[in-house]
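Engineer: The chain contents come next:
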Amino acid sequence: MRFRSILKIAIRSLNRNKMRSFLTMLGMIIGVAAVIAMLAVGQGARDMINAQIAALGTNVLLVFPGAFTSGGVRMEAGSSSRLNEDDIATIKKSCPAVMYASPVARTTQQVKAGNQNWRTSINGAYSEYLDIRDWDMQEGVNYTDADERGANKVCVIGQTIVENLFGAGTNAVGQTIRIRNLPFKVVGVLSEKGQNAMGQDQDDIIIAPFSTVQKKLMGISYANSLVASATSETQIEEARQEINQALTDRRRGSSGDGTDFTIRTQTDIGNAAEQTSKTLSILLASIACVSLIVGGIGIMNIMLVSVTERTREIGIRMAVGARGNDVLLQFLVEALVMSFTGGIIGIAAGAGFSVLISKVQGWPVTVSVFSVLLGFSFSAAIGIFFGWYPARKAASLKPIDALRYE
Amino acid sequence: MAQVPMILLTDLCKNYAMGDTVVHALLNVNCAIVKGDFIAVMGASGSGKSTLMNILGCLDVPSGGTYMLDGEEVQRFSPNNLAALRNRKMGFVFQAFNLLPRTTALENVELPLMYNKSVPAGLLRKKALEALAWVDLEKRAFHFSNQLSGGQQQRVAIARAIVNDPVILLADEPTGNLDSAMCVEIMALFQRLNRNGITVIMVTHEPDIAQYATRKITFRDGCIISDEQVPSRRNAELELASRRTDPNDEAHP
Chain A
0 MRFRSILKIA IRSLNRNKMR SFLTMLGMII GVAAVIAMLA VGQGARDMIN
50 AQIAALGTNV LLVFPGAFTS GGVRMEAGSS SRLNEDDIAT IKKSCPAVMY
100 ASPVARTTQQ VKAGNQNWRT SINGAYSEYL DIRDWDMQEG VNYTDADERG
150 ANKVCVIGQT IVENLFGAGT NAVGQTIRIR NLPFKVVGVL SEKGQNAMGQ
200 DQDDIIIAPF STVQKKLMGI SYANSLVASA TSETQIEEAR QEINQALTDR
250 RRGSSGDGTD FTIRTQTDIG NAAEQTSKTL SILLASIACV SLIVGGIGIM
300 NIMLVSVTER TREIGIRMAV GARGNDVLLQ FLVEALVMSF TGGIIGIAAG
350 AGFSVLISKV QGWPVTVSVF SVLLGFSFSA AIGIFFGWYP ARKAASLKPI
400 DALRYE
Chain B
0 MAQVPMILLT DLCKNYAMGD TVVHALLNVN CAIVKGDFIA VMGASGSGKS
50 TLMNILGCLD VPSGGTYMLD GEEVQRFSPN NLAALRNRKM GFVFQAFNLL
100 PRTTALENVE LPLMYNKSVP AGLLRKKALE ALAWVDLEKR AFHFSNQLSG
150 GQQQRVAIAR AIVNDPVILL ADEPTGNLDS AMCVEIMALF QRLNRNGITV
200 IMVTHEPDIA QYATRKITFR DGCIISDEQV PSRRNAELEL ASRRTDPNDE
250 AHP
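Going down the list, the protein sequences come from chains A and B.
Quick note: the first sequence uses numbering that gives the first Met the number 0, first residue 0, plus one each step.
Quick note: the second sequence uses numbering that gives the first Met the number 0, first residue 0, plus one each step.
One chain only, chain B, in its complex shape:
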């Protein structure tokens, strides 16, 4: 790991006041993430993994410590600069998909482009369609989000996350609401993105989903208790290919 880390967390803390008691959601977290990592963040609920994701995604600010992203101290950014950072450098994928209701898939994907002033208005649709094509959903571009299946919704969300060419993809339990067949498809997309150089950080509590990552960080009570390389990494695309040849596999038990 001679590489300069893209993300460097030093003594990162996040406290919540719950009445009179202070809850330490994160306690002195130290971590370095290099460009091109595919990290699975694991842990029981309440262990601090979601809090970490929110801070990494600049949706929340830490109570203490530093968060360096590409050599800049993110906690010093103004809310407007944080918004710009989320827009240009990050893509979000949520467990509940979080697409805008009663809005077409295309418009959902256009959304980050609308807030990106460097993209000319005329290119919005073209770029959004390209992103949708990448997740193999261009035929569904004009369907409303509620007319799509869960897996399709999540793919639209991935298209929305990558449309601004981010450097980091943050996924908070992306497969939590999906069946296992869909999970593999989503993981295949993630692994492809990761091969293209995008750093993927994914929260999950399913150990077999974590097997698609390259590195596994486990949290307990706001602290990192283990940080290890994934020994026998699964390849989602190979699994998909084998499933196609054998239709009676786990997709249709």
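Same shape as in the complex, but just chain A:
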């Protein structure tokens, strides 16, 4: 039997039960649309996270003290080794791939200005810190190396601090804030950066000279971590190795194991975030797949009903010379027409829904060729998979039994 006539018969028999065919197809439509929309949303979320990570400055390296895990025994971070300003001196001297480097002393304190107070983290770092982070000043200026040398009580604050201590829109430059009762002069306000990929408010921060925070606020002789930037994004791996070498060399004399620090780059963080969003997309896609399978079961169900209903027709066809395979093909094509049509409508609906999400949520939603192909091949596969059993059942009927069926 020719394929065109098979197709014609399939379409006609689906037309006979329009409502039933449509409802069956609806299962496929919802399934495929869900796959397309979920993949698009997942992809959009991933793109957004990547963009944010890129905005963080992708050539930043972080050095944390202490091995996070050592032979299964977890040490308190920072307890095994102390990073300090000498490490920075060494890095600056022996690492050509490193552009800027700074120690960081971090403490969380209650900050007061006038009758307002706010708890936030204070980062003590060299004035290069802003260059490393690639952060801009909105108002005022950065503190200088002279402030660093003199351990002056000056600071640069983020927008959230301005809002909470002075009120939004106030010019905070020149004002004084008190941290542990020490007066700090605000010399600059950072421009707004919003949340980072991890959902932290990047504007809720105070930056002050390292020596001031280390000695006057914390009273410690070491640094909590080091931060550095590579000369370019491509030099990150190079910079990481150089820093690793320099710090290991420096420690071989004094401390035994030599690798009691960890270097993290934004690429690592980016990879972790990427992994998270990938997991999310897979989760969304699997939920969508479940609805596809449910749609497929709907097709199978209706095809089984159809085979039973049309047993006599099958018998007539067999009596006039249809082989088992002709009957099989006829019902399989019918299932395929349903799943394919459902798939195509589903792709369109999914794409439309994705655009709607991007409009409403403001997400960069991307419908990829991959997801369209996936939706398409999924609907074909489901048509064959769930159409096979009913078609097989029809084909294996004995002609005489089918003809006698009432």
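One or more hints might be untrue.
Derived CB-CB ranges, DEER-like [to be verified]:
id, chain 1, residue 1, chain 2, residue 2, range
1, B, ARG75, A, TYR388, 24 to 34 angstroms
2, A, TYR388, B, ARG87, 44 to 54 angstroms
3, A, ARG19, B, ASP226, 44 to 54 angstroms
Only pairs whose alpha carbons sit at most 27 angstroms apart, straight line, appear in this in silico DSS-like list of lysine-lysine [to be verified]:
id, chain 1, residue 1, chain 2, residue 2
4, A, LYS17, A, LYS7
5, B, LYS34, B, LYS215
6, A, LYS91, A, LYS214
7, A, LYS111, A, LYS192
8, B, LYS116, A, LYS397
9, A, LYS7, B, LYS215
10, B, LYS126, B, LYS116
11, A, LYS91, A, LYS215
12, A, LYS392, A, LYS17
13, B, LYS215, A, LYS392
14, B, LYS125, A, LYS397
15, A, LYS192, A, LYS92
16, A, LYS184, A, LYS215
17, A, LYS392, A, LYS7
18, A, LYS215, A, LYS277
19, B, LYS34, A, LYS7
20, B, LYS138, A, LYS7
21, A, LYS152, A, LYS184
22, B, LYS34, B, LYS126
23, A, LYS7, B, LYS125
24, A, LYS277, A, LYS397
Some chain B residues well away from chain A (every beta-carbon gap over 12 angstroms; in silico) [unchecked claim]:
id, residue
25, CYS12
26, SER77
27, LEU192
Rather than coming from a laboratory, the hints here were simulated on the basis of the structure.
This one's a predicted model, so the numbers in the text were calculated from it and none came from an experiment.
We put the beta carbon where it would ideally sit given N, CA and C, even for glycine.
Since chain A is already given, all that's left is putting chain B on it; use the hints.
Structural biologist: Positioned in the frame of chain A, the structure of chain B alone reads:
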């Protein structure tokens, strides 16, 4: 009967298991049918005549014995070969017409051609229309089967049965659902086909319908109890012609 038989049945048996008991629908049937025969198979219901028709039509397989068709042992054929055999050599006419519902007369007649790969797609419609013209229904080609009267439906079924130029026409109570006027018309078609060389095997339980055949085989309890030539054969076409001249005959009592 010096002719080589087209159909030769030897010790043909068909058993059905009904629970614990075995029912012998056919028991050691021996029969030879030559090309050009017009056979009426008679018998009470349950006598095995329908079972015989199903086996002859390759819709069912015998439990024992042999069925030789044109020198080939049909029971050895694969299901696909049986389908091809039904398609090329046989035409079926049923009591309940068995046309596809919600399908036009033309498409019903095209059906056997669709499963015949030797007929090019372009010829389908032409051949189907020719067959419909032969049963005088070409004007009804595009009517759906449910828009046709019983007699018209049966004529479409006959067109469908002959469209692939079969050698055997198998009819299972073809007149069972028709009035007597229609019966004569159908019999006229059968007799014309038979004159053209097609072997007709027809199951009926009406003795006067059997009178149109050349040979009458009677079944009882799965066995042939009589096999005889029809003594005074009726001629359907003559009856039709006389009816046309006398409209107050049995057609309109």
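Engineer: Now look at each hint and say whether the structure bears it out.
Structural biologist: To see whether the hints hold, each was checked on the structure:
Look at ARG75 of chain B against TYR388 of chain A: about 30 angstroms separates their beta carbons, and that is inside 24 to 34 angstroms. For TYR388 of chain A and ARG87 of chain B, the hinted distance range of 44 to 54 angstroms is not satisfied, since their beta carbons lie about 31 angstroms from each other. Between ARG19 of chain A and ASP226 of chain B the beta carbons are some 52 angstroms apart, a value that agrees with the proposed interval 44 to 54 angstroms. Taken as a hint, the LYS17 of chain A and LYS7 of chain A pair is honoured in the structure, with Cα atoms around 15 angstroms apart against an allowance of 27 angstroms.
For the given pair, LYS34 of chain B sits about 15 angstroms from LYS215 of chain B by alpha-carbon distance, which is consistent with the 27 angstroms threshold. Of the pairs offered as hints, the one joining LYS91 of chain A and LYS214 of chain A holds, with about 22 angstroms between alpha carbons and a cut-off of 27 angstroms not exceeded. For the hint pairing LYS111 of chain A with LYS192 of chain A, the CA-to-CA distance comes to about 23 angstroms; that is within 27 angstroms, so the pair holds. Restraint check for LYS116 of chain B and LYS397 of chain A: the C-alpha separation of about 22 angstroms stays at or below 27 angstroms, so the hint holds.
A threshold of 27 angstroms between alpha carbons decides the hint, and for LYS7 of chain A with LYS215 of chain B the separation of about 44 angstroms lies outside it, so the pair is violated. At most 27 angstroms may separate the alpha-carbon atoms for a hinted pair to count; LYS126 of chain B and LYS116 of chain B meet this at roughly 14 angstroms. At most 27 angstroms may separate the alpha-carbon atoms for a hinted pair to count; LYS91 of chain A and LYS215 of chain A meet this at roughly 25 angstroms. Taken as a hint, the LYS392 of chain A and LYS17 of chain A pair is honoured in the structure, with Cα atoms around 23 angstroms apart against an allowance of 27 angstroms.
Restraint check for LYS215 of chain B and LYS392 of chain A: not satisfied, since their Cα atoms lie roughly 40 angstroms apart, outside the 27 angstroms limit. For the hint linking LYS125 of chain B to LYS397 of chain A, the alpha-carbon distance of about 31 angstroms lies beyond 27 angstroms, and the restraint is violated. With a C-alpha separation of about 32 angstroms, the suggested pair LYS192 of chain A and LYS92 of chain A falls outside the 27 angstroms cut-off, and the hint is violated. For the hint linking LYS184 of chain A to LYS215 of chain A, the alpha-carbon distance of about 15 angstroms falls within 27 angstroms, and the restraint holds.
A C-alpha spacing of about 22 angstroms is found between LYS392 of chain A and LYS7 of chain A, which places the hinted pair at or below 27 angstroms, so the restraint holds. For the proposed pair LYS215 of chain A and LYS277 of chain A, the alpha carbon gap of about 45 angstroms is over 27 angstroms, so the pair is violated. Our distance criterion of 27 angstroms between C-alpha atoms is broken by LYS34 of chain B and LYS7 of chain A, whose separation comes to about 39 angstroms. With a CA separation close to 24 angstroms, the supplied pair LYS138 of chain B and LYS7 of chain A stays within the 27 angstroms bound.
The hinted pair formed by LYS152 of chain A and LYS184 of chain A meets the criterion: a straight-line CA distance of about 6 angstroms does not exceed 27 angstroms. With a C-alpha separation of about 24 angstroms, the suggested pairing of LYS34 of chain B with LYS126 of chain B holds against the 27 angstroms cut-off. Restraint check: the Cα-Cα separation between LYS7 of chain A and LYS125 of chain B comes to about 19 angstroms, which is no more than 27 angstroms; the hinted pair holds. Straight-line distance between C-alpha atoms of LYS277 of chain A and LYS397 of chain A comes to about 51 angstroms, which puts the hinted pair past the 27 angstroms bound.
Every CB of chain A is more than 12 angstroms from the CB of CYS12 of chain B (nearest about 16 angstroms), matching its label as outside the interface. Against the 12 angstroms criterion, SER77 of chain B falls within the reach of chain A, whose nearest CB is about 10 angstroms from its own CB. No Cβ of chain A approaches the Cβ of LEU192 of chain B within 12 angstroms, the least distance being about 17 angstroms, so the stated non-interface status holds.
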